[in-house]
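Got chain A sorted already, so can you dock chain B onto it with the hints?
In order, the protein sequence lines correspond to chains A and B. Under the working numbering, residues 97 to 411 are what the first sequence spells out, in order. Under the working numbering, residues 30 to 237 are what the second sequence spells out, in order.
If you are wondering where the hints come from, they were derived from the structure by calculation, not from laboratory data. Each hint can be trusted.
In silico DMTMM-like links for lysine to aspartate or glutamate, alpha-carbon gap of 20 Å or less: (1) Lys387/A <-> Asp176/A; (2) Lys262/A <-> Glu105/B; (3) Lys258/A <-> Asp142/A; (4) Lys219/B <-> Asp68/B; (5) Lys219/B <-> Glu235/A; (6) Lys353/A <-> Asp142/A; (7) Lys144/B <-> Asp195/A; (8) Lys262/A <-> Glu109/B; (9) Lys156/B <-> Glu200/B; (10) Lys144/B <-> Glu186/B; (11) Lys156/B <-> Asp133/B; (12) Lys141/A <-> Asp151/B; (13) Lys232/B <-> Glu42/B; (14) Lys156/B <-> Asp136/B; (15) Lys219/B <-> Glu340/A; (16) Lys156/B <-> Glu257/A; (17) Lys172/A <-> Glu133/A; (18) Lys262/A <-> Asp151/B; (19) Lys183/A <-> Glu216/A; (20) Lys80/B <-> Glu60/B; (21) Lys144/B <-> Glu197/A; (22) Lys262/A <-> Asp351/A; (23) Lys262/A <-> Glu282/A; (24) Lys219/B <-> Asp365/A; (25) Lys141/A <-> Asp351/A; (26) Lys43/B <-> Glu228/B; (27) Lys120/B <-> Glu282/A; (28) Lys183/A <-> Asp215/A; (29) Lys156/B <-> Glu282/A; (30) Lys192/B <-> Glu170/B; (31) Lys80/B <-> Glu105/B; (32) Lys258/A <-> Asp151/B.
Interface residues of chain A toward chain B, partial, derived using beta-carbon atoms under 8 Å: (33) Glu270; (34) Asn272; (35) His274; (36) Gly275; (37) Phe363; (38) Asp365; (39) Ile367; (40) Gly369.
Yeah, the Cβ is synthetic: ideal placement off N, Cα and C, and Gly gets one too.
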Amino acid sequence: MIIEDQVMDAQERIGFRLRELYHRHGYRRYRMSKFEEYDLYSRNKDFLFSDGVITFTDTNGRLMAMKPDVTLSIVKNGRDVPDALRKLYYHENVYRAPDQESGFREMTQVGVECMGPVDEACLAEVLALAGESLALCSERYVLEISQLDVLSAAVNRVSEEKGIRKALLACTTEKNRHGILNLCRENGLEEKSAEPLLRLISLYGSPASVLPELREIAGEIGAADAAEELSEVLDQLEESGISERVLIDFSATGDLKYYNGIAFKGFIDGIPGAVLSGGQYEPLMRRLGRKDRAIGFAVFLNQLERLTEGGGANA
Amino acid sequence: MLNVALPKGRLGEKVYGMFARAGFECPAVLENSRKLIFDNEAAGVRYFWVKPSDVAIYVERGAADVGVAGKDILLEYRPEVYELLDLNVGKCRMAVAGPADFQDREDRTLRVATKFSRIARDYYAGKGRDIDIIHLNGSIEIAPILGLSDVIVDIVETGTTLKENNLAVLETIIPISARLIANKSGFKFKTGPIQRLTEELRKEVDRA
Chain A
97 MIIEDQVMDA QERIGFRLRE LYHRHGYRRY RMSKFEEYDL YSRNKDFLFS DGVITFTDTN
157 GRLMAMKPDV TLSIVKNGRD VPDALRKLYY HENVYRAPDQ ESGFREMTQV GVECMGPVDE
217 ACLAEVLALA GESLALCSER YVLEISQLDV LSAAVNRVSE EKGIRKALLA CTTEKNRHGI
277 LNLCRENGLE EKSAEPLLRL ISLYGSPASV LPELREIAGE IGAADAAEEL SEVLDQLEES
337 GISERVLIDF SATGDLKYYN GIAFKGFIDG IPGAVLSGGQ YEPLMRRLGR KDRAIGFAVF
397 LNQLERLTEG GGANA
Chain B
30 MLNVALPKGR LGEKVYGMFA RAGFECPAVL ENSRKLIFDN EAAGVRYFWV KPSDVAIYVE
90 RGAADVGVAG KDILLEYRPE VYELLDLNVG KCRMAVAGPA DFQDREDRTL RVATKFSRIA
150 RDYYAGKGRD IDIIHLNGSI EIAPILGLSD VIVDIVETGT TLKENNLAVL ETIIPISARL
210 IANKSGFKFK TGPIQRLTEE LRKEVDRA
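Same shape as in the complex, but just chain B:
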């Protein structure tokens, strides 16, 4: 039985659709119930919903054999997992945003508000720019408006929230999408089922 950690929410439902079309169906997953774990013995899968940012932890620690996590989470937490497939859904980008007319002044430390401290640190270290990271857990967009930071590093999907707050994307750091990840040890002992799942999902991605 393959244990699959799916990210709660719209993306997770979309991803489940791909799993189902790839032959790993378990209709109970989409029912509105208080159940936490859903089995389909015939298909050899057991699904569970977890917070999107926790999927990588479940997989790295072996509670799930495979899971679906955003590239943003993988870059931020660097879990020791295999990244088997780019599912090409949940597409967005990691970007630097700030007031549209923002001009970076090199003579002072750049204040960056973000949920993704590591990504921000690595990005600016690569550019040799000294920054002050302000780690926030949500509503990042408000930081430059209130003068808490100069810019933000965050996920941008359509850019609508930014526009409504008179902010704009200043630089794109990296494109993001959902990835199929697997536990390294699990892969050795459930090789057949994990490879089959990966191949079937690859066909789904190519068909889309």
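Chain A on its own, in the form it takes in the complex:
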């Protein structure tokens, strides 16, 4: 059966094309047909994209939540299988309150998760799929990549105090150099200790132009292995044909309680926020008792509402 394009809106059309893409690459569908207990989300609330969760009492009296997220369920309900890579994709509605004023919204999200013995080839495959996902939406896209283990080492150089680390990461996400220097001054920390972090924030550009300096910084702060792994993954990505759209940018961060390794975000010209977000989430796996390595990403289809057929965005 062929479904005519005209009967689908942009979100549906792209959603099904993405599913086709992931299916073609050997990913199997994960269907979230049940609800999770609210407790799962409240214990991991910083992992969620927004603060609020819609709750309801189930027929057995348990407090449940209307899906604010899919990854947590996949991690919780999966089992570690040694030596077997588990490749899943999903296409689900999630319920989030992006800001206090607009209240809860239903949003459609498509994503992939890859768990198990994730090696460099697998990391490169997921990044390539992220790039291809963006290319399906528009040819004018950028995939920005950072390495959280390198970033974490640079942040630790400044301070290991939880509150300061969090503030330093927030400044990194904002490319806020003066904010980092202010934090040093306010907390009596040596400004010199923030030098590697400030250098990381300034790195911006194609892997070829940025990697030599990144290796140098990572070497100075004891994160050479992480930079080396990123560099090998990016080498493998060369074959995918998306590498000219890849940028290294350390403002693609994540909460270090949940994320590690490679983190990335996708942007499309004319759409103001990230339309794709992903990365490795092994600390989350450990929190939920899993041993596997893991990487995944989500495409926020609601952001693509204004995408026109030509691939641009109309206002």
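Okay, now just chain B, sitting in the frame of chain A:
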């Protein structure tokens, strides 16, 4: 073409001066006209004036690629934007103010009147102090005088208004100044012009 949202008012005019000296001139901006948008194609900029508290919204939602917003607005609304530069103008501070002889009694909830609910909530949560926020949209200083609140959290520039109303700064929360902000997606697709603007403005800040 870079779309620039400037905050209406004295601060915006001062900031425009910095942009102009940095090589992004558009003299029509300062003319008294009913025009809303001002282009200078040669310099590659398009300016528009918006309400200071709206600049961050224009930038976050991509209607402007860059803009200038006070740190107070950024802390209160937490827009998803890049904060590229502290322009070091429009300097003031976010402070707790109240009657000069005010003594906080821990045995009751502190009533705080403010336009900046989030900043006030975060500040007192950090101190573990239970507060009752009274959100007002203006004339905050009147609240403690009429007994509507115990203290206020507001921007203090010179402190003259406070003094005239027999109020005083009790605690400083954070220094405030104007910041150059950029839309995250816009930054990826107009990297060159935005980085050039940031660098030229940085030189202006250093010169001042």
